[in-house]
Amino acid sequence: MLRNDIQRITGLTRKALEYYEEKGFIHPRRLENGYREYSEKDAEILNKIALFKKLGLTITEIKDCLKTDGATASIFLRRKEQELESDKKRKAVFDLYIKGEDTDLINEKLTVIEAEDSIYKRLERAFPGYLGQCLFAAYQPFLQEPLSKDGEEAFEKYIQYLDSLPTFELSREEQYYIDELSSSFNMQTLKDVNEAKIAAVENYEKWHNENKDTISIYDRYLNSDDYKTSPMKNIQDQLKTFLMDHHYYEVAIPLIRQFSKSYDHYYKKLTEASDYYLKQKGDAPQ
DNA sequence: TTTCTGACA
DNA sequence: TGTCAGAA
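0 is the number of the first residue of the first sequence in numbering that gives the first Met the number 0; add one for each residue after it.
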């Protein structure tokens, strides 16, 4: 196929085609007169590029999407969702500004949004794909409050801590497994699941009593060989080891508790809930 | 910086 | 066709 055919099929321009070629997406062979001859494969890739572009993905994101044949597309969907949420919040602040709201309040609100963005970026960097987004969804509800003076310091330290973390890497198979597993979850789902979890921890006694049956079924599953040999368990163990190796529980968690009152409250409740759970099971609390 | 566009040879 | 300056 010649350039004109491709342009007609994909709707991309000549310059765009050259650009994607330079970036190594396609490798059209050259005819004697120097014209490009595009293969079916090239056309297929360019069609996908055109589609992803319409969905608002950047070239880097498109590259990743193509590499894994769409399994990672949901990662970018969730990222876009988060970006849109952020924009929505900025718009709300803009409205406040137009209404003549106090500048200090405006700045405070913007700082909260920036803090959220900055944690999202760093979690995604340290924990690529689904895991980072999951971690973020877990923390996001606690990032909505303005920082106090010493909270600011703790926040900075937490950011530095995240920057110093190496990337948590899974094998290709594990990555694929988790991408596939999570491909139907959007950001809202993750957030909803977390809110349910927070609510359960807040009223752990009530929740525990109301869900006794489910809990015992889940307990049995956790003790089954099915679970113990599953890739999920393996990945969870790796993550746990990674976090322990990098002193996440000793360094990062206390920092978060310092800059987020609501997280601190949640943390205490979680500890109580876990003691309660162990007591109910008949074991001594650890 | 990224992702092209338009002019020109 | 490729190159280059530059726009958004």
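By construction, these hints were calculated from the structure, which means they are not laboratory data.
Because the structure is a prediction, the values reported are computed rather than measured.
Don't take every hint at face value.
List of simulated lysine to aspartate or glutamate pairs, EDC-like, C-alpha gap at most 16 Å [claimed, not checked]:
no., residue 1, residue 2
1, LYS79, ASP63
2, LYS260, GLU151
3, LYS108, GLU123
4, LYS120, ASP94
5, LYS280, ASP191
6, LYS268, GLU204
7, LYS196, GLU179
Each pair of labels, with its calculated beta carbon distance range [claimed, not checked]:
no., residue 1, residue 2, range
8, ASN106, ILE214, 18 to 26 Å
9, ASP244, GLN143, 25 to 33 Å
10, LYS40, TYR248, 19 to 27 Å
11, ASN202, GLU21, 18 to 26 Å
12, GLY55, ILE252, 53 to 61 Å
13, GLU43, THR228, 21 to 29 Å
14, GLY99, TYR217, 51 to 59 Å
15, GLU100, GLU39, 23 to 31 Å
16, ASN202, LYS40, 28 to 36 Å
17, ILE252, THR57, 16 to 24 Å
Every residue, glycine too, gets a C-beta built ideally from N, C-alpha and C.
Checked hints:
1. Our distance criterion of 16 Å between C-alpha atoms is met by LYS79 and ASP63, whose separation comes to about 15 Å.
2. Taking the CA atoms of LYS260 and GLU151, the gap is near 12 Å; set against the 16 Å cutoff, the hint holds.
3. About 23 Å separates the Cα atoms of LYS108 and GLU123, which puts this hinted pair outside 16 Å; it is violated.
4. Between LYS120 and ASP94 the CA atoms are separated by roughly 26 Å; this puts the pair beyond 16 Å, and the hint is violated.
5. Taking the CA atoms of LYS280 and ASP191, the gap is near 28 Å; set against the 16 Å cutoff, the hint is violated.
6. Restraint check for LYS268 and GLU204: the C-alpha separation of about 11 Å stays at or below 16 Å, so the hint holds.
7. Restraint check for LYS196 and GLU179: not satisfied, since their Cα atoms lie roughly 23 Å apart, outside the 16 Å limit.
8. One distance hint, 18 to 26 Å for the beta-carbon pair ASN106 and ILE214, is violated here, with the actual separation near 45 Å.
9. Between ASP244 and GLN143, the C-beta spacing of about 30 Å keeps the proposed range 25 to 33 Å intact.
10. Taking 19 to 27 Å as the suggested C-beta distance range, the pair LYS40 and TYR248 does not conform, at roughly 48 Å.
11. For the hinted restraint 18 to 26 Å between ASN202 and GLU21, the CB-CB distance of approximately 58 Å leaves it violated.
12. The given range of 53 to 61 Å is broken by GLY55 and ILE252, whose C-beta atoms sit roughly 35 Å from each other.
13. Distance hint check: the CB atoms of GLU43 and THR228 are about 38 Å apart, inconsistent with the given range 21 to 29 Å.
14. At about 53 Å, the beta-carbon gap between GLY99 and TYR217 stays in the expected band of 51 to 59 Å.
15. Between GLU100 and GLU39 the C-beta distance comes to about 57 Å, which lies outside the given range of 23 to 31 Å.
16. Judged by the Cβ atoms, the range 28 to 36 Å given for ASN202 and LYS40 is violated: they are separated by roughly 56 Å.
17. Range check, ILE252 to THR57: about 33 Å between beta-carbon atoms, so the 16 to 24 Å window is missed.
Of the numbered hints stated above, those contradicted by the structure are hints 3, 4, 5, 7, 8, 10, 11, 12, 13, 15, 16 and 17, listed in ascending order.
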